[in-house]
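Chains as they are written, first to last, in full-length UniProt numbering: chain A, 1 to 210; chain B, 1 to 210.
Rather than coming from a laboratory, the hints here were simulated on the basis of the structure. Any given hint could be a false lead.
[Unchecked claim] Mimicking DSS-like on lysine-lysine, the simulated pairs with C-alpha atoms at most 25 Å apart in a straight line are: (1) K77(B) <-> K88(A); (2) K120(B) <-> K120(A); (3) K77(B) <-> K196(B); (4) K88(B) <-> K77(A); (5) K120(A) <-> K77(A); (6) K4(A) <-> K77(B); (7) K80(A) <-> K177(A); (8) K88(A) <-> K80(B); (9) K77(A) <-> K77(B); (10) K177(B) <-> K80(B).
Number of protein chains: 2
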Amino acid sequence: MTIKLHCFGESGNSYKAALPLELSGLDWSPVKVDFFGGAARTPEFRAVNPMGEAPVMIDGDIVLTQSGAIQQYITDKTGKFGGGAADKYEVLRWVLWDNHKLSSVAGMTRFLMNFLPAEKRPLEVIGFSQGRLAAAYSVLNSHLEGRDFIVGDGVTNADFSCCSYLYYPEPFGFERKDFPHIDRWLDNIAALPGWKHPYDLMPGSPADRA
Amino acid sequence: MTIKLHCFGESGNSYKAALPLELSGLDWSPVKVDFFGGAARTPEFRAVNPMGEAPVMIDGDIVLTQSGAIQQYITDKTGKFGGGAADKYEVLRWVLWDNHKLSSVAGMTRFLMNFLPAEKRPLEVIGFSQGRLAAAYSVLNSHLEGRDFIVGDGVTNADFSCCSYLYYPEPFGFERKDFPHIDRWLDNIAALPGWKHPYDLMPGSPADRA
């Protein structure tokens, strides 16, 4: 049975689930959430996901939301991306850190700077968030010094989480050249066989609305 | 061997780990992080936790940060608070949701409103964050209608995560009376044998600095 992932290209949170689905070799297909058309706020979508968020994964009777939970499901099903036996807590720790400090703030800041009309942008919020993000980039960059991936020797859910918003072209204050270890690590992930950019992996991109 | 939790009373993230440690019956003791004295930024603390955060759990050779990872460690060690066999992803989903949407924003907003000098408070950030929090409280309140706990019939790590900032007296925009299901659920958690308020469970409170 094909796993369905309700997602959209602009969503880094969706990418956190779509990328391991793609790289795992599982049979899956994306279903576009028309987020910018308000689909995430419709009663139909809320019935599947009361949190009103994307992604939503549907595998037969199993319906899951929150990308980190979907990642764990993929790992349990395939044995991939969970790291070695000793790495379990370290992977979880970085997934949580990402949800707390990196992608939650990056996703919001990118939204405010690129997907809101210029006159509605809350500039103090954007500046404040960029300050918090600078601290997060710095923590990640320091950790990646001398490492190819965040935990252990291969790619894990920690990488899929933390990279989620960092491949997007829309400006939100992150410059790869300022963080050389992050820059190199993003290239390591992109070099994995089958890797795709978010806009190539999932339906929907700013080009659709241009 | 006694588990040490480096924590401080004002930290809801610390409370997420301290409360299950206390209720699990494990042998543990808190070690005060003098956060307001700058301890989290010292080289000594950064050596234990490069993310510069509290809590940090030390159990023999095992050093763990991120409250959600510590919760999973406690669950693995005791068999408690993980819910039933079918609940694993649901518990993880709410822990992640909390890290993403609730406690990360609530903790920051409470900090800005109570622990920064009045003239340094970024009012636009506070207002924006309170708007995001209102949506999160609403999601949680709706979910708790007709339920005693977030997942299944007993307390889990989902509850310990989501409640973490909601017992504090310092104002940050959350009023229990506005969310009757949250209000009842907080009473359910507080009625668990051995429950303690954050300021009674961990060292450090605003009263120390008054």
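Hint by hint, here is what the structure shows:
1. Distance check on the hinted pair: K77(B) and K88(A) sit about 14 Å apart at the alpha-carbon level, within 25 Å; holds.
2. Among the hinted pairs, K120(B) with K120(A) is consistent with the structure: their alpha-carbon atoms are about 24 Å apart, no more than 25 Å.
3. For the given pair, K77(B) sits about 22 Å from K196(B) by alpha-carbon distance, which is consistent with the 25 Å threshold.
4. Pair hint K88(B) plus K77(A) holds up; C-alpha atoms about 14 Å apart against a cutoff of 25 Å.
5. For the suggested pair K120(A) and K77(A), the alpha carbons sit about 44 Å apart, so the restraint of at most 25 Å is broken.
6. Proximity of K4(A) to K77(B) is assessed by CA-CA distance (about 35 Å); at most 25 Å being required, the pair is judged violated.
7. A distance of roughly 31 Å separates the Cα atoms of K80(A) and K177(A); the hinted pair therefore is violated under the 25 Å criterion.
8. Note on K88(A) and K80(B): the hinted pairing holds, with a Cα-Cα distance of about 18 Å set against a maximum of 25 Å.
9. Simply put, K77(A) and K77(B) have alpha-carbon atoms about 24 Å apart, close enough for the 25 Å limit, and the pair holds.
10. In summary, the hint linking K177(B) to K80(B) is not supported, as the alpha carbons are separated by about 31 Å, beyond the 25 Å threshold.
This entry does not satisfy hints 5, 6, 7 and 10, going by the numbered hints stated previously.
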